[in-house]
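**Student:** Please put together the full structure from these sequences, using the hints given.
In order, the protein sequence lines correspond to chains A and B. Just so you know, we're using my numbering here: the first sequence kicks off at 1 and counts up by one. Just so you know, we're using my numbering here: the second sequence kicks off at 120 and counts up by one.
Keep in mind the hints are simulated off the structure, nothing from the lab. There could be a bad hint or two in this list.
Coverage of chain A stretches by chain B, computed from C-beta distances (three or more under 8 Å per stretch; other residues unrestricted) [to be verified]:
| hint | stretch |
| --- | --- |
| 1 | 16 to 24 |
| 2 | 103 to 115 |
From the derived model, a few chain B residues whose C-beta atoms are all more than 10 Å from chain A [what the hints assert, rightly or not]:
| hint | residue |
| --- | --- |
| 3 | H131 |
| 4 | E133 |
| 5 | V137 |
| 6 | F189 |
| 7 | T200 |
| 8 | E205 |
| 9 | H224 |
| 10 | G240 |
| 11 | D277 |
| 12 | T284 |
| 13 | K321 |
| 14 | M333 |
| 15 | K334 |
Nothing here was measured: the structure is a model prediction, and the numbers come from that model. Just so it is clear, CB atoms sit at the ideal spot from N, CA and C, and this is done for glycine as well.
Residues per chain, in single letters:
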Amino acid sequence: MHELSVVQSLLETIESYAAEQKATTVTKVIVRNGPLSGIVPHLLRTTFDTFKEKTIAEDAELVIGETPLQIHCHDCKQEAQTMVLRFACPLCGSRNVDARGGDDLILERLEMDVDDDPY
Amino acid sequence: MCTECGCGSKGHLEIIEVEEKILAANDERARHNRETLDGHGICGINLMSSPGAGKTTLLERTIELLDSKFELGVIEGDPETDRDAERIRARGVPVHQITTGQACHLDAAMLHEAMHQLPLGTIDLLFVENVGNLVCPAAFELGTHLNVVLLSITEGDDKPAKYPTVFRKADLLLTKTDLLPYTDFNIEKAIREARVLNPQMKIFQLSAKTGEGMKEWIGNLHHKISKNYF
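**Tutor:** As structure tokens, then:
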């Protein structure tokens, strides 16, 4: 359950951006997850929703987008993308492939309410 | 004051494009660990596997067989007990135990603290024995030069395909090969499926118990340390 460490890191990053902007609340957190990141989206969401309480992101919605795996096929010589974690060419079925990308979990965008007149 | 909808809000919605790895802070600490290792001329190797794949036994045999002109150091990560550290300490090698409690992996900050408990100035080769787990350790860079995953024959040949993240960034050590005659482990299949994940993967097959294959593993370590090739 390393999603806990990931969420702690995510919340620290959110707090830091929110403080920089003098935000009153963070409303949306948009992340992009690769199929080889080792992060399970469902567990990420559950953990985030548990640990966001009493933080600036308490009311934030977590949006998890998925990035595809890039497959380079040595047999049909084509490049293809797949969302399925299956190391075979989606075009010709060959298993003689290299799989690239999709290793990272990226914080893409934050949406927050900023008070224009804090005084 | 909001003039759009009359809600009375004095604020506005700010959208920040971040595009940052969520574990960027860990990556930064890992870079610092790497600089520390490089500064001392230490080759760092992160050993990962399931519990019971033979990491500590491999280390015991490696301590015995490594050329005595090279100094070893070991950092042990376990949820509880310092039994693994005791096994290493009994062989006269400096060792520090990280007891992770409920945490299922080591991260770069834990390694940083542990490294400072060791005599870095005298060490040539530092082994980090990660928590026995094929899932979580893979997500956390430590700053070591090399990741090595141990896969023991009794675990089955389907593990590279089932746990792609950990095998993708590592060299592969097939351990307990003395048990091959008693299982239906298909070496070719395991290697083929592992190479799909990481075509550059170096693969060793050994039994720390019988010593079979240890020569190649030790030879590779000697090469890495003596040529500063890490």
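**Student:** Run every hint past the structure and note whether it holds.
**Tutor:** Outcome of the hint check:
no. : hint       : in the structure
1   : 16 to 24   : holds (count 4)
2   : 103 to 115 : holds (count 13)
3   : H131       : violated, 6 Å
4   : E133       : violated, 5 Å
5   : V137       : violated, 5 Å
6   : F189       : holds, 33 Å
7   : T200       : holds, 21 Å
8   : E205       : holds, 27 Å
9   : H224       : violated, 5 Å
10  : G240       : holds, 31 Å
11  : D277       : holds, 13 Å
12  : T284       : violated, 4 Å
13  : K321       : holds, 17 Å
14  : M333       : holds, 31 Å
15  : K334       : holds, 31 Å
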